[in-house]
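Novice: The residues making up each chain are set out below.
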Amino acid sequence: MPIAGSISRRDMFRVAGATSVVALAAPACAEAAQETVQEGQIPPGALGLLYDATKCIGCKACVDACVNANGLTGDTSLDGLHIAPLELNSSTKNIIKLCKATPTHPESFVKQQCMHCGDPTCVAACPFHALQKNEVTGIVEWDGSKCIGCRYCEIACPFHIPKFEWTKFNPKIVKCELCNFRLAKNLEPACTYVCPTHAVIFGRRDKLLETAKERVNAEPNKYFEDRVYGEHEAGGTQVLYLSAVPFTDLGLPEIGPASVPGKALKWQKRVYKWMSGPILLYGVIVIAMKRNWTEHEKEMVHEEKETGLKAQL
Amino acid sequence: MNQPKQPTVVRWQRGVPVYGIPVLTRPFAVLAAIAALGISLAVYREIAGLGPASGMNDAYVWGIWKTFNVMVLTGLGSGGFAVGITAWIFFRRNLHAVMRTALLTSFVAYFTGLIGLGVDVGRPWNFYWAALPWKWNGHSAMLEVCICMPLYAFFPLLLENIPPILERWYYFWKESRPVIDRIMPVIRVTYPWVIALAYALPLMHQSSLGALMLLAGDKLNPLWQSPLLPYLYVACAATLGFACVILTLILCCMFWKRPFDPVIMGELAGI
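Quick mapping for you: the protein sequence lines, in order, are chains X and L. Start counting the first sequence at 1; every next residue gets the next number (the numbering used here). Start counting the second sequence at 1001; every next residue gets the next number (the numbering used here).
Calculated directly from the structure, the hints in this document are not laboratory data. Just to be clear, a hint being listed does not mean it is correct.
Ranges of calculated distance between the beta carbons of each label pair, as one might list FRET restraints [unchecked claim]:
id: 1; chain 1: X; residue 1: K172; chain 2: L; residue 2: P1222; range: 20 to 28 angstroms
id: 2; chain 1: X; residue 1: K168; chain 2: L; residue 2: V1189; range: 26 to 34 angstroms
id: 3; chain 1: L; residue 1: S1226; chain 2: X; residue 2: H160; range: 21 to 29 angstroms
In silico DSSO-like links for lysine-lysine, alpha-carbon gap of 30 angstroms or less [unchecked claim]:
id: 4; chain 1: L; residue 1: K1219; chain 2: X; residue 2: K146
id: 5; chain 1: L; residue 1: K1174; chain 2: X; residue 2: K168
id: 6; chain 1: X; residue 1: K273; chain 2: L; residue 2: K1135
id: 7; chain 1: L; residue 1: K1257; chain 2: X; residue 2: K172
id: 8; chain 1: L; residue 1: K1219; chain 2: X; residue 2: K100
id: 9; chain 1: L; residue 1: K1219; chain 2: X; residue 2: K273
id: 10; chain 1: X; residue 1: K207; chain 2: X; residue 2: K222
id: 11; chain 1: L; residue 1: K1174; chain 2: X; residue 2: K269
id: 12; chain 1: L; residue 1: K1174; chain 2: X; residue 2: K298
id: 13; chain 1: L; residue 1: K1174; chain 2: L; residue 2: K1257
id: 14; chain 1: X; residue 1: K263; chain 2: L; residue 2: K1219
id: 15; chain 1: X; residue 1: K55; chain 2: X; residue 2: K100
id: 16; chain 1: L; residue 1: K1257; chain 2: X; residue 2: K305
id: 17; chain 1: L; residue 1: K1135; chain 2: X; residue 2: K263
Source: prediction; values computed, not measured. Note that beta-carbon positions come from the ideal geometry of N, C-alpha and C, so glycine has one too.
The whole structure should be built from the sequences, with the hints applied where relevant.
Specialist: Next comes the structure, spelled out in structure tokens:
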């Protein structure tokens, strides 16, 4: 039996051809990359929140209102008595945290809940569209009938928002859905409804952005970098932040204007456009197989004669 | 069983004498006991939820679970397609001799991975969505894993593993011979098409496994945040596949005192 040598020249070309065909298919669908460009994906009537950290007094009325409105149990895991969540979790969709003072900045409160991104990474990650962005309101909503509980949304979310019910046999993904059940009854979200200082307000995103910019313009140098967090971050988010301290000090990541799916899936979307990549790959393998199969069969007949044993497939 | 006395070093070939070896042995019983323990723990997990059973939490969302059951196990199971591609597409004909070991290892690894995935996901009863292509999110790497893994394991990989079973019947169950004689030509005609699928699917889903972490965005070290990650992953999985096949072969030779072919092993290891 001959010892097969290294890859022949022809085989090398065959493989090189396969890869280059896949690569050539990519530019043909270059517009796929354009689809993921920022902002355009926030619907015109998108709803959102504007949180002004300089107005927040940290009373946590919104935390309590959120627990009650959403029928959550409230996280008492700290001492078994008080609702005192340390982080967003399966019984906390909204949290107020106190951020430590730094030598250059005073301490500040921060509110955390779903940002309702323009191009949400969780929606891009979700295999069966259990998380979807509402076409009218832009709210990122979870549908339990489609969720398989893979928790990829938790891995993907740049803001660490979706949480999983770890101790249930029928676990759900828990995250702020902007009180969409209250919106259906013409009520505003619980957190904005109870806020005594209007530190967090509810409205259409475009109106909120205007309000935020008015505040920035009215008092220059009050807000950090005179910037509205969420205007461009991660392709634009429907929840906007104003703060006197750097956003990173509040625990908000500086992630730049490009959305995560826009960056990460650029190449994948090209290769998988109309399944062209996989179909080409399959075609190339079939052609190569067909050729080699004939020689394989010949070799089998020869070997069977030689050894007198039936060749195995 | 009267096995002829064999030299310890021979050349492995495609055509070999077929022996019947008993299935129910002591190692089998030990492994079955471990499996039973695993199944009872899986039942506990279904009742108590993932947290208490696995120690995972919102900070360690996949823990060692998804990393093990889909990433490591399919990596170990890559032998089937890695050896296959090398033998068929790159024409290393010698490797056809170890193909069956590779395929069986692959099937066992994939099947275990799928069971692990079923226990690991929180809401496995919603998996039926996988059967409805118009409900898929085509951009999700996780979808690719959910679809391609079972599809590969239960269609091409299973078909690739059918000839050995038919062969066993052929030799040890005389009544089935006419039927098998009729089935084998059909298999031989369709085989190239099925095998091609058996190589395309794992390449797709292994690259998707690599792409899984791209969506983690800035949580991922910038070193890995690259469009090349899927291809690196495929290369890594294929290498692991070879390693696993080599280990399986060595173990088989030790347990059943089978002769050892250093030439083919060297070729496997050299790749």
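Novice: Each hint needs a verdict: does it hold in this structure or not?
Specialist: Here is what the structure says about each hint:
no.: 1; hint: K172/X x P1222/L: 20 to 28 angstroms; in the structure: violated, 34 angstroms
no.: 2; hint: K168/X x V1189/L: 26 to 34 angstroms; in the structure: violated, 51 angstroms
no.: 3; hint: S1226/L x H160/X: 21 to 29 angstroms; in the structure: holds, 23 angstroms
no.: 4; hint: K1219/L x K146/X; in the structure: holds, 26 angstroms
no.: 5; hint: K1174/L x K168/X; in the structure: violated, 53 angstroms
no.: 6; hint: K273/X x K1135/L; in the structure: holds, 17 angstroms
no.: 7; hint: K1257/L x K172/X; in the structure: violated, 52 angstroms
no.: 8; hint: K1219/L x K100/X; in the structure: holds, 23 angstroms
no.: 9; hint: K1219/L x K273/X; in the structure: holds, 27 angstroms
no.: 10; hint: K207/X x K222/X; in the structure: holds, 21 angstroms
no.: 11; hint: K1174/L x K269/X; in the structure: violated, 53 angstroms
no.: 12; hint: K1174/L x K298/X; in the structure: holds, 28 angstroms
no.: 13; hint: K1174/L x K1257/L; in the structure: holds, 28 angstroms
no.: 14; hint: K263/X x K1219/L; in the structure: holds, 14 angstroms
no.: 15; hint: K55/X x K100/X; in the structure: holds, 17 angstroms
no.: 16; hint: K1257/L x K305/X; in the structure: holds, 28 angstroms
no.: 17; hint: K1135/L x K263/X; in the structure: holds, 24 angstroms
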